[in-house]
Amino acid sequence: MAGFGRSRRHAAKLYRGFGLLTALGVILVLAGLVGLVYTGVATLTSMLLFGWLLLIGGIVGLLHAVQARGTNFFWLGVIVAALNIAAGVVIMRRPEAAAAALAMFAALLFLTGGIFRLVGALVVRGPQLGWTLLLGAFYLLLGILVLESWPSSSQYVIGCFFSLTLLFDGLGLIAAGFGGRRVVGMVAEDRVKPVQP
Numbered sequence: 000m001a002g003f004g005r006s007r008r009h010a011a012k013l014y015r016g017f018g019l020l021t022a023l024g025v026i027l028v029l030a031g032l033v034g035l036v037y038t039g040v041a042t043l044t045s046m047l048l049f050g051w052l053l054l055i056g057g058i059v060g061l062l063h064a065v066q067a068r069g070t071n072f073f074w075l076g077v078i079v080a081a082l083n084i085a086a087g088v089v090i091m092r093r094p095e096a097a098a099a100a101l102a103m104f105a106a107l108l109f110l111t112g113g114i115f116r117l118v119g120a121l122v123v124r125g126p127q128l129g130w131t132l133l134l135g136a137f138y139l140l141l142g143i144l145v146l147e148s149w150p151s152s153s154q155y156v157i158g159c160f161f162s163l164t165l166l167f168d169g170l171g172l173i174a175a176g177f178g179g180r181r182v183v184g185m186v187a188e189d190r191v192k193p194v195q196p
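Residue numbers (numbering that gives the first Met the number 0): 0 to 196.
Note that these hints are calculated values from the structure, not bench results.
Be careful, since some hints might not be right.
What the hints assert, rightly or not - Cβ-Cβ distance ranges computed for the label pairs, FRET-style: (1) Ile143 to Ile78: 35 to 41 angstroms; (2) Leu144 to Ala96: 33 to 39 angstroms; (3) Leu170 to Gly56: 39 to 45 angstroms; (4) Val36 to Ala100: 41 to 47 angstroms; (5) Arg124 to Ala100: 47 to 53 angstroms; (6) Leu82 to Leu144: 28 to 34 angstroms; (7) Gly119 to Arg181: 27 to 33 angstroms; (8) Glu147 to Thr70: 22 to 28 angstroms; (9) Phe104 to Ala81: 31 to 37 angstroms; (10) Ile26 to Gly56: 20 to 26 angstroms; (11) Gln66 to Val88: 32 to 38 angstroms; (12) Leu133 to Leu32: 25 to 31 angstroms; (13) Ala22 to Val122: 43 to 49 angstroms; (14) Phe72 to Arg124: 42 to 48 angstroms.
The C-beta atom is built at its ideal place from N, Cα and C for all residues, glycine as well.
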């Protein structure tokens with residue numbers, strides 16, 4: 000009987016945990032939708048967040064390097080930490096220029112990814128030829144669209160990608176939360192059912 004009570008408490012804890020996961024997903028979806036409406040603000044926010052992450056990561060890396068002095072990796076750790084700190088400071092001081100550079104990098108990635116997918120699909124001619132060609136054409140078109148209006152496109156491209164990431168991550172968390180609560184509910188109901196003689 001004590002085991003049954005423990006099991007119910009554990010199920011209730013899991014149920015609450017999946018509920019919190021769903022709530023976090025809803026918050027991320029709302030943040031993603033707001034970011035899609037205000038892409039300029041989302042771009043600036045994501046750049047500042049990226050700069051802070053680099054700065055904090057650089058400081059933590061520098062502390063680790065100092066703790067590891069006397070080893071072969073000391074100077075490598077110091078150099079990597081210094082580069083992270085410098086990049087973080089530059090991004091926080093010039094977020095617009097950083098967004099323009101990242102938008103250019105993203106456009107070039109899309110262009111090369113699209114070209115490689117198209118060429119690869121035509122050379123290999125696998126079972127997913129149509130989908131691979133469509134995806135390659137989409138990547139190519141996206142890269143051309145970003146490059147065509149660059150650098151003004153950098154004001155919305157990074158914010159749009161950041162907001163879409165929040166939106167899809169939020170939807171994934173909501174699905175996981177609802178699915179988890181459902182599974183926990185089914186398992187709890189199964190345990191409560193009386194055993195048939």
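*When the hints from earlier in the document are held up against this structure, which numbers fail?*
2, 3, 4, 5, 7, 8, 9, 11
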